[in-house]
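Colleague: Please build the complete structure, drawing on both the sequences and the hints.
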Amino acid sequence: MPKHHIPNLLTLLRILLVPALIAVYLTAQHTYLPFVLFTLIAMTDYLDGYLARRWSVQSALGAFLDPAADKILVCSLLVLLVAEHSTWLFTLPAIVIIFRELVMSMLREYLAKIAKSEIIAVDVYGKYKTAAQMLSLGFFLMPHLTMLYPAYAFLYISTALTVLSLTRYIIKIQKTGLIPAFER
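Just so we're aligned, residue 1 is where the sequence shown starts under our numbering, counting upward by one.
It is worth saying that the hints were derived from the structure and are not from the lab.
Remember, it's a predicted structure, so these values are computed and weren't measured experimentally.
Some hints could be false.
What the hints assert, rightly or not - Computed cross-link-like contacts, DSS-like style, restricted to lysine-lysine with a CA-CA straight-line distance of at most 25 angstroms:
#1 Lys172 - Lys127
#2 Lys172 - Lys113
#3 Lys175 - Lys113
#4 Lys71 - Lys172
#5 Lys127 - Lys71
#6 Lys113 - Lys71
#7 Lys175 - Lys127
Modeller: Below, the structure written as C-alpha coordinates:
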(Lines of atoms letter the chains of each structure in order from A and count residues from 1; the text may use other names and numbers.)
(Lines give C-alpha, C1' and ligand atoms only; values in the text may rest on other atoms or scores of the structure.)
Protein backbone atom coordinates (compact mmCIF):
# COMPACT_ATOMS: atom_id res chain seq x y z
CA MET A 1 0.00 0.00 0.00
CA PRO A 2 1.42 3.42 -0.92
CA LYS A 3 2.25 5.43 2.18
CA HIS A 4 0.33 8.47 0.94
CA HIS A 5 -2.93 6.59 1.69
CA ILE A 6 -2.05 5.72 5.29
CA PRO A 7 -3.02 9.04 6.98
CA ASN A 8 -6.48 9.05 5.36
CA LEU A 9 -6.95 5.36 6.18
CA LEU A 10 -6.16 6.10 9.83
CA THR A 11 -8.78 8.86 9.77
CA LEU A 12 -11.35 6.50 8.22
CA LEU A 13 -10.46 3.91 10.86
CA ARG A 14 -11.19 6.52 13.55
CA ILE A 15 -14.65 7.08 12.06
CA LEU A 16 -15.36 3.35 11.73
CA LEU A 17 -14.31 2.66 15.32
CA VAL A 18 -16.84 5.10 16.83
CA PRO A 19 -19.77 2.61 16.67
CA ALA A 20 -17.50 -0.04 18.19
CA LEU A 21 -16.58 2.34 21.01
CA ILE A 22 -20.24 3.05 21.69
CA ALA A 23 -21.04 -0.68 21.77
CA VAL A 24 -18.11 -1.34 24.10
CA TYR A 25 -19.18 1.51 26.38
CA LEU A 26 -22.75 0.23 26.57
CA THR A 27 -21.69 -3.35 27.32
CA ALA A 28 -18.48 -2.91 29.34
CA GLN A 29 -18.99 0.53 30.83
CA HIS A 30 -17.43 -0.19 34.23
CA THR A 31 -14.18 -1.56 32.85
CA TYR A 32 -11.14 0.08 31.32
CA LEU A 33 -12.04 -1.23 27.87
CA PRO A 34 -13.95 1.88 26.67
CA PHE A 35 -11.12 4.11 27.94
CA VAL A 36 -8.45 2.00 26.22
CA LEU A 37 -10.36 1.88 22.92
CA PHE A 38 -11.02 5.63 23.08
CA THR A 39 -7.33 6.29 23.76
CA LEU A 40 -6.34 4.24 20.71
CA ILE A 41 -8.90 6.07 18.57
CA ALA A 42 -7.75 9.47 19.86
CA MET A 43 -4.12 8.56 19.13
CA THR A 44 -5.00 8.05 15.46
CA ASP A 45 -6.02 11.73 15.40
CA TYR A 46 -2.46 12.71 16.23
CA LEU A 47 -0.84 10.00 14.13
CA ASP A 48 -2.69 10.71 10.87
CA GLY A 49 -1.73 14.37 10.94
CA TYR A 50 1.84 13.64 11.96
CA LEU A 51 2.32 11.14 9.14
CA ALA A 52 0.69 13.39 6.55
CA ARG A 53 3.02 16.25 7.47
CA ARG A 54 6.11 14.06 7.85
CA TRP A 55 5.59 12.41 4.47
CA SER A 56 4.26 15.61 2.85
CA VAL A 57 1.07 13.86 1.78
CA GLN A 58 -1.55 16.30 3.07
CA SER A 59 -4.68 16.13 0.94
CA ALA A 60 -8.01 17.86 0.47
CA LEU A 61 -9.69 14.60 1.51
CA GLY A 62 -7.65 14.49 4.72
CA ALA A 63 -8.39 18.15 5.45
CA PHE A 64 -12.10 17.32 5.16
CA LEU A 65 -12.11 13.92 6.90
CA ASP A 66 -9.97 14.78 9.92
CA PRO A 67 -12.26 17.44 11.45
CA ALA A 68 -15.30 15.36 10.46
CA ALA A 69 -13.88 12.34 12.29
CA ASP A 70 -13.25 14.49 15.38
CA LYS A 71 -16.82 15.79 15.28
CA ILE A 72 -18.28 12.30 14.90
CA LEU A 73 -16.23 10.98 17.81
CA VAL A 74 -16.78 13.93 20.16
CA CYS A 75 -20.48 14.49 19.43
CA SER A 76 -21.32 10.78 19.63
CA LEU A 77 -19.64 10.45 23.00
CA LEU A 78 -21.18 13.64 24.36
CA VAL A 79 -24.68 12.42 23.47
CA LEU A 80 -23.91 9.04 25.02
CA LEU A 81 -22.49 10.57 28.20
CA VAL A 82 -25.34 13.08 28.63
CA ALA A 83 -27.57 10.09 29.41
CA GLU A 84 -25.25 9.10 32.26
CA HIS A 85 -24.36 12.57 33.52
CA SER A 86 -27.77 14.14 33.08
CA THR A 87 -27.09 17.24 35.12
CA TRP A 88 -26.84 20.75 33.76
CA LEU A 89 -23.14 20.68 34.75
CA PHE A 90 -22.54 18.20 31.93
CA THR A 91 -25.48 18.81 29.61
CA LEU A 92 -24.97 22.55 29.09
CA PRO A 93 -21.31 22.26 28.00
CA ALA A 94 -22.26 19.29 25.79
CA ILE A 95 -24.94 21.39 24.07
CA VAL A 96 -22.50 24.27 23.53
CA ILE A 97 -19.86 21.95 22.07
CA ILE A 98 -22.29 20.10 19.79
CA PHE A 99 -23.86 23.41 18.66
CA ARG A 100 -20.43 24.80 17.75
CA GLU A 101 -19.50 21.67 15.82
CA LEU A 102 -22.74 21.82 13.81
CA VAL A 103 -22.34 25.54 13.09
CA MET A 104 -18.74 25.05 11.97
CA SER A 105 -19.73 22.18 9.70
CA MET A 106 -22.46 24.29 8.10
CA LEU A 107 -20.14 27.26 7.65
CA ARG A 108 -17.38 25.14 6.13
CA GLU A 109 -19.83 23.53 3.71
CA TYR A 110 -21.37 26.85 2.70
CA LEU A 111 -18.04 28.62 2.26
CA ALA A 112 -16.61 25.72 0.28
CA LYS A 113 -19.55 26.00 -2.14
CA ILE A 114 -19.38 29.76 -2.65
CA ALA A 115 -15.65 30.39 -2.39
CA LYS A 116 -14.26 27.15 -3.80
CA SER A 117 -11.43 27.36 -1.27
CA GLU A 118 -10.63 26.54 2.34
CA ILE A 119 -11.63 29.70 4.19
CA ILE A 120 -11.87 28.11 7.62
CA ALA A 121 -8.61 26.29 8.16
CA VAL A 122 -8.13 24.76 11.61
CA ASP A 123 -6.30 27.20 13.88
CA VAL A 124 -4.37 26.68 17.10
CA TYR A 125 -7.44 27.31 19.29
CA GLY A 126 -9.33 24.61 17.41
CA LYS A 127 -6.44 22.23 18.06
CA TYR A 128 -6.39 23.13 21.78
CA LYS A 129 -10.16 22.69 21.90
CA THR A 130 -9.93 19.21 20.40
CA ALA A 131 -7.12 18.21 22.78
CA ALA A 132 -9.13 19.40 25.80
CA GLN A 133 -12.22 17.55 24.52
CA MET A 134 -10.24 14.33 24.09
CA LEU A 135 -8.77 14.61 27.60
CA SER A 136 -12.19 15.30 29.10
CA LEU A 137 -13.91 12.45 27.28
CA GLY A 138 -11.08 10.07 28.15
CA PHE A 139 -11.44 10.92 31.83
CA PHE A 140 -15.23 10.49 31.67
CA LEU A 141 -14.73 7.03 30.14
CA MET A 142 -12.59 5.81 33.02
CA PRO A 143 -14.40 3.22 35.15
CA HIS A 144 -16.16 4.29 38.32
CA LEU A 145 -15.50 7.93 37.37
CA THR A 146 -12.10 7.84 39.07
CA MET A 147 -11.08 11.04 37.27
CA LEU A 148 -14.33 12.98 37.59
CA TYR A 149 -12.82 16.32 38.69
CA PRO A 150 -10.25 16.47 35.86
CA ALA A 151 -12.99 15.31 33.47
CA TYR A 152 -15.18 18.27 34.37
CA ALA A 153 -12.22 20.67 34.43
CA PHE A 154 -11.24 19.72 30.88
CA LEU A 155 -14.90 19.76 29.81
CA TYR A 156 -15.19 23.40 30.92
CA ILE A 157 -11.81 24.29 29.41
CA SER A 158 -12.88 22.73 26.11
CA THR A 159 -16.22 24.56 26.28
CA ALA A 160 -14.44 27.90 26.76
CA LEU A 161 -12.09 27.08 23.87
CA THR A 162 -15.15 26.05 21.82
CA VAL A 163 -16.73 29.48 22.26
CA LEU A 164 -13.40 31.24 21.66
CA SER A 165 -12.61 29.32 18.49
CA LEU A 166 -16.13 29.80 17.07
CA THR A 167 -15.88 33.53 17.78
CA ARG A 168 -12.50 33.72 16.04
CA TYR A 169 -13.83 31.83 13.01
CA ILE A 170 -16.87 34.11 12.75
CA ILE A 171 -14.63 37.19 12.90
CA LYS A 172 -12.41 35.69 10.19
CA ILE A 173 -15.46 34.96 8.02
CA GLN A 174 -16.86 38.45 8.60
CA LYS A 175 -13.62 39.93 7.26
CA THR A 176 -13.98 37.96 4.01
CA GLY A 177 -17.38 39.47 3.21
CA LEU A 178 -18.50 36.12 1.76
CA ILE A 179 -21.63 35.82 3.88
CA PRO A 180 -24.08 38.69 3.32
CA ALA A 181 -25.38 38.61 6.90
CA PHE A 182 -21.84 39.31 8.10
CA GLU A 183 -21.18 42.26 5.78
CA ARG A 184 -20.55 45.62 7.39
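Colleague: Please flag the earlier hints that this structure goes against, numbers listed from lowest up.
Modeller: none
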